[in-house]
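For the sequence shown, the working numbering gives the first residue as 6, with consecutive numbering after it.
Everything labelled a hint here was simulated from the structure, so no lab data went into it.
Please note that the accuracy of each hint is not assured.
Ranges of calculated distance between the beta carbons of each label pair, as one might list FRET restraints [stated by the list, open to error]:
#, residue 1, residue 2, range
1, Asp266, Val35, 25 to 31 Å
2, Gly18, Gln255, 55 to 61 Å
3, Ala229, Ser132, 19 to 25 Å
In this text, a Cβ means the ideal position worked out from N, Cα and C, and glycines have one as well.
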Amino acid sequence: MRDPADLYELHPGFDDVTGLVMLVCLDGFVDAGNAGRQMAESLFERFIAEEVATFDTDRLVDYRSRRPPMTFVENAWTEYTPPKLALYRMHDDEGHPFLVLYGPEPDREWEGFVAATASLVERFSVSLSISAHGIPMAVPHTRPVTVTPHSTRPELIAGHTPWIGRVEVPGSAVSLLEYRLGESGHDFVGYAVHVPSYLAQSTYPRAAIAAVEYVAGATGLAMATEDLEEVAGATDVEISEQVAASEEIQRVVANLERQYDDIMSSRSDEDGGTTPLTVDDAGLPTADELGAELERFLAEREGDGNG
Numbered sequence: 006m007r008d009p010a011d012l013y014e015l016h017p018g019f020d021d022v023t024g025l026v027m028l029v030c031l032d033g034f035v036d037a038g039n040a041g042r043q044m045a046e047s048l049f050e051r052f053i054a055e056e057v058a059t060f061d062t063d064r065l066v067d068y069r070s071r072r073p074p075m076t077f078v079e080n081a082w083t084e085y086t087p088p089k090l091a092l093y094r095m096h097d098d099e100g101h102p103f104l105v106l107y108g109p110e111p112d113r114e115w116e117g118f119v120a121a122t123a124s125l126v127e128r129f130s131v132s133l134s135i136s137a138h139g140i141p142m143a144v145p146h147t148r149p150v151t152v153t154p155h156s157t158r159p160e161l162i163a164g165h166t167p168w169i170g171r172v173e174v175p176g177s178a179v180s181l182l183e184y185r186l187g188e189s190g191h192d193f194v195g196y197a198v199h200v201p202s203y204l205a206q207s208t209y210p211r212a213a214i215a216a217v218e219y220v221a222g223a224t225g226l227a228m229a230t231e232d233l234e235e236v237a238g239a240t241d242v243e244i245s246e247q248v249a250a251s252e253e254i255q256r257v258v259a260n261l262e263r264q265y266d267d268i269m270s271s272r273s274d275e276d277g278g279t280t281p282l283t284v285d286d287a288g289l290p291t292a293d294e295l296g297a298e299l300e301r302f303l304a305e306r307e308g309d310g311n312g
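Based on the provided sequences and hints, a complete structural model is requested.
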């Protein structure tokens, strides 16, 4: 195996970056409602990002599957924007530093990338690595956002009742990173934010707000969500308008609300119990059908300049 350090270049001036938490935000895996992407974008918009280390994307990214943008003007190529995967330092709203690993999920050399990231975790004595993304679930948008947490040690997510039993899913670079860091004794916590399945393909700010709040709660970082709240308010109105205009959608949402309330009641009565989040009412449109209708509506709103 190649030296993992060959996969990244360290930038000078960060010898004092030790003992911080590291937020892992890689774009490319499942992210219902764009929960993780919105969270990452809000951090880069809100805080100054200092580049600590830069990864060699030429080795990690498949350019033909994710072609980087180039600009052509009249008779010449004038600009090229290569993919970038880097480790950054930011400071939260109270001035506390933290790290963010941000960029495209590697297409190649996962084990090499994970080993390289682990070497950075050890070099900077990262105290906790953490991630958040969205997953589609049979939950209504009218109820509080729930989450499936996971971690390298049970103590890190004490107090959370599982929503899901055993399941086999396609792997991701972040999941492998969490797994390998756990093997080597490092702490990692991940949050899979539950997004209404009918909104999974849309940008759903409420999921991003939940992601930020869970990350802040686990790390103690001060991360305000005013910008996301403003966008979420407008999105809530659009969704409410669409629901009010369709009796079919109203029936589906009401069914999900009953199911959600029953599950939460059961979880309160039987500590540690799990109930699957599924819908099986004959005659109701599927989540895909409902999602397609909502997505069409939101797309039309954006096209009219209201999004």
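Status of the hints after comparison with the structure:
no.	hint	verdict
1	Asp266 with Val35: 25 to 31 Å	holds (27 Å)
2	Gly18 with Gln255: 55 to 61 Å	holds (57 Å)
3	Ala229 with Ser132: 19 to 25 Å	holds (22 Å)
Violated hints for the displayed structure: none, as all numbered hints are satisfied.
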